[in-house]
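Participant: Start from chain P and add chain U according to the hints.
As you go down the protein sequences, you meet chains P and U in turn.
Quick note: the first sequence, position 145, residue 1367 per the working numbering, numbers continuous.
Quick note: the second sequence, position 32, residue 1254 per the working numbering, numbers continuous.
It should be emphasised that the hints constitute simulated quantities derived from the structure, not laboratory data.
Keep in mind that this is a model prediction, so the values were computed, not measured.
Hints may be right or wrong, so weigh each one.
[Stated by the list, open to error] Estimated spans, in silico, between C-beta atoms of each pair:
(1) A1693/U / E1715/P: 38 to 46 angstroms
(2) Q1670/P / E1694/U: 50 to 58 angstroms
(3) D1448/P / A1667/U: 27 to 35 angstroms
(4) R1655/P / G1712/U: 52 to 60 angstroms
(5) A1305/U / E1694/P: 53 to 61 angstroms
(6) F1450/P / H1662/U: 40 to 48 angstroms
(7) E1715/P / G1660/U: 44 to 52 angstroms
(8) S1645/P / A1726/U: 53 to 61 angstroms
(9) A1705/U / D1652/P: 32 to 40 angstroms
(10) G1665/U / E1288/P: 15 to 23 angstroms
(11) H1662/U / Q1287/P: 20 to 28 angstroms
(12) R1655/P / G1568/U: 23 to 31 angstroms
(13) R1304/P / H1662/U: 27 to 35 angstroms
(14) D1652/P / A1305/U: 27 to 35 angstroms
[What the hints assert, rightly or not] In silico contact screen, one side only, chain U against chain P (beta carbon under 10 angstroms); selected entries:
(15) G1502
(16) T1579
(17) A1593
(18) A1598
(19) S1645
[To be verified] Residues from chain U that keep clear of chain P, each with C-beta distances beyond 10 angstroms, as calculated:
(20) V1261
(21) D1301
(22) R1332
(23) N1340
(24) A1350
(25) I1436
(26) E1440
(27) F1446
(28) E1449
(29) N1454
(30) G1568
(31) Q1636
(32) D1732
(33) R1734
Think of the CB as a built atom: it goes at the ideal place given N, C-alpha and C, for glycine as much as any other residue.
Number of protein chains: 2
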Amino acid sequence: MPEKMIVPFLPKPRRLHGGGRAAKLARARPVQPRAPYIVRNFPIMRILDEEGLQLIERNADTILQEVGMEFRGDPEVLDIFRAAGADVQGERVRFERGMCRKIIQASAPRAFDQRARNRANDIHIGGASAVFTPAGGAPFVHDIERGRRYGSHEDYLNLLKIAQTLPCIHTASGGICELVDVPVPQRHLHTVYAQFRYTDRAIKGVVRSPQAAIDTLEMAKLVFGDEFLQSNCCIYSGVNTNSPLVFDVTMMAALKIYARHRQAVLVSAYVLGGAMGPLGVAGSLSQQLAETLGGLALIQLISPGAPCAMGCFIGTVSMQTGAPAFGTPESLRGITIAAELARRLGVPASCAGGAVTASKIPDAQAATESALTLQASFFAGINYISHAVGWLEGGLSAGYEKMIIDADLCSALQGFAQPLDVSEDGQALDAVREVGPGSHYLGCANTQRNFETAHWRPLVADSGTYEQWQAEGGRDAAVRANAIWKKMLGEYEAPPIDPGVDEALRTYRDRRLREIQGGT
Amino acid sequence: MPEKMIVPFLPKPRRLHGGGRAAKLARARPVQPRAPYIVRNFPIMRILDEEGLQLIERNADTILQEVGMEFRGDPEVLDIFRAAGADVQGERVRFERGMCRKIIQASAPRAFDQRARNRANDIHIGGASAVFTPAGGAPFVHDIERGRRYGSHEDYLNLLKIAQTLPCIHTASGGICELVDVPVPQRHLHTVYAQFRYTDRAIKGVVRSPQAAIDTLEMAKLVFGDEFLQSNCCIYSGVNTNSPLVFDVTMMAALKIYARHRQAVLVSAYVLGGAMGPLGVAGSLSQQLAETLGGLALIQLISPGAPCAMGCFIGTVSMQTGAPAFGTPESLRGITIAAELARRLGVPASCAGGAVTASKIPDAQAATESALTLQASFFAGINYISHAVGWLEGGLSAGYEKMIIDADLCSALQGFAQPLDVSEDGQALDAVREVGPGSHYLGCANTQRNFETAHWRPLVADSGTYEQWQAEGGRDAAVRANAIWKKMLGEYEAPPIDPGVDEALRTYRDRRLREIQGGT
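Chain P extracted, bound-state conformation:
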């Protein structure tokens, strides 16, 4: 386990029984430990046997061989595949059985590190590690006072600062919500700057256009230095297939730019069974594997050894309403099996299956679906868990309160991953001997020694009595979360940055904003 660091955010102290030394210590203690990433100290959950896994892999090969994929609008990509021996007819590319897997396994790293500008926040992606990242891509934002509305530049900064304050969130995010008050071609300049200025964690790259990818890289050079960026992964970007079985020109452009600069690219096939994939989980998994094999092979053909990851999300649409549903058995099983397919392929597993929900508000439905999905992803050994805090409404909305509620979920699982304390104090035989039958442990020596660091503490969960809870206003979790994020924003301090680097980033951003305004 990486060394713990202390975060500045201190929760409002709860009313304490007794007070005195215990109360003082409780108040002085940060709410949750911070680690740059999680190391899972338990075996991964596996639910499908070898025969079933091979069946899905065989079917993925059949799909790539018989149906193939369309790589639309990018002749260079078609040339690359043709040169590698694929069967290219028009924009349709078919692959011999096992061809994509062979290309990937020849050069793709099983795990890699992504650097943060504060190197203490570097993350490891792959193996036994797991990182939680904030929600991304929502056009709307939601809080319980103002309701649902289009996201703004201000909302994005607020949500980013909240994410930076949460100890259990391991990366920044370029797209917690859309900056609807900023013209589309300019948005990425604000979000890349903000990730570097208002967080000191590993960032996400922009894939919206080739120019956005280039700007991301140029700004990363200003932070990390050109030479360092050439030999280190400092940007993690996600490209999606257009399921079923299509890669579009925008995504391929971003993939090529990042891969050529040896920055990490996640290839996701966001398959919702019944709509963009077959109804059955086995069928959706085969199609998803086929699509990601195609995308990952392209990365390795372009830039052998470039860091990459396989997307592992499976969802469904309601056959009654056509709407995407989350936290379903199909989704939970699909994610768990997909993680295994990624490990068998030999690349890190990434999953949109964080705290995902179809609920419009941070209610019990939101929490049930979020907890089911995030826990399954975590137990299944997913390495990079996207949308771990803040997601609402099938990704259409980012919730302020949802950020806080989900953070308890993330930090509970982070705690779960810690090794069991089997020290003398952890075994506590001395305490059992001291207390004996029929007494209690509240005052024994072991408790006195260890209570300060014992037990995980949530941000928003209230475990007090009914009477106390009622006296404090009978507030539900969302109302308490509202007070917490406001306090976080009120106390937020931007992490220190070299003034020269900040100046260079601002200069780049402002020049490019003017150029885009001017139409270049």
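Facilitator: Then chain U, alone, in the frame of chain P:
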């Protein structure tokens, strides 16, 4: 997997896109499949290595050897232990290393069946099976309209009828809430009658007093017949230790009565680390194992071969407020490891870690803690999961809406446990070939063939659009759950019962009520 049965409850059809045949089928389909119990078709999650497990087992033996347990107020039990070779001094009983384990492993069944009056609802307890049971023991009830109040006879019947209607709940419960409007000595007569009359599922026995246990057995005889009851497990009862390391006279009395009648007894040690057990998870687990070993050994000494189960719940109390907390990393790890200890001992694992929460209302905190705990228990291989629906406020309150919200959680996990469909339709290669790149699966032949039975359907979760949700009143999950339980109660029909049996049960109940009223 046991054969699916159809339940009478049909949800209100959702507004459908399109309509026609699809809409008609969707409306006609029951919301969730019913199975008498779950068979887990996936490997159990294990998080502690052999060395760690042996350490905990060794420490449990050390506790039993050095500290021992107190069996208070029951000389017969002390004689039983003395005769078996234990070191009995006063009420303190100490056991040689390995003695309890040896006694248990000599005769306790690894798994057993519990009979229901509708034999189609018999449950299997142990091995790869899992059952979900309703919450139990709450003095208060809660619904979002009337708030929190003492539970009544009427509330109990309501909650029991809701449980009977939920396809994913596999047993009845004698104590979803307390019947505060009924004198304590009379309550069990109403709850045992109600379990037999208003449900047709496996029942829970009462342990409140020796007479309550005897009444439960007598009424079970009227339902199952004396002879059948002698050779079949028809009652499942839970007794608790008084942690740390005490068995009280009431619990021992119930244990002896049920064990002698070869009815199943669960021995639980409800250890909350920092209060009734040591702070550390490893210490709490050792103490819990010691206590359950003592109780289970007593069962097997009294009645070799009697069905029994080991309780596996670990919780914590907040070191800031002293209040019990749920869904914590300590609890999730404790439950998961305890399940492994039960399997190693060779008895079914039972756990209070269903949908448990400290929240006072069915909000996001309640759902987060409930989902984390229930999912961990389920993945860890717990066989009998108590409090799977309805629990609030650390067990002090049973929630009407919480029953419904938790049911979605239970049925999602029930769905997760199903084997992956790897039939031709499940693999769906025909569909991928038919649809090809860039289209969708909504109308393909595979979807047309299978959409009727495809995909799990929740009771309360809403996956519709924001606009549709808003048009329907913008109701949160709790408000929707309120409408659902009211509809369930409105449409509830008691399962058929032999009028003679019903008459005999009523006669017994009423006679005993009069006797108790008269003081006998």
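Participant: What are the numbers of the hints the structure violates, in ascending order?
Facilitator: Of the numbered hints given earlier, those the structure breaks are 3, 9 and 31, listed in rising order.
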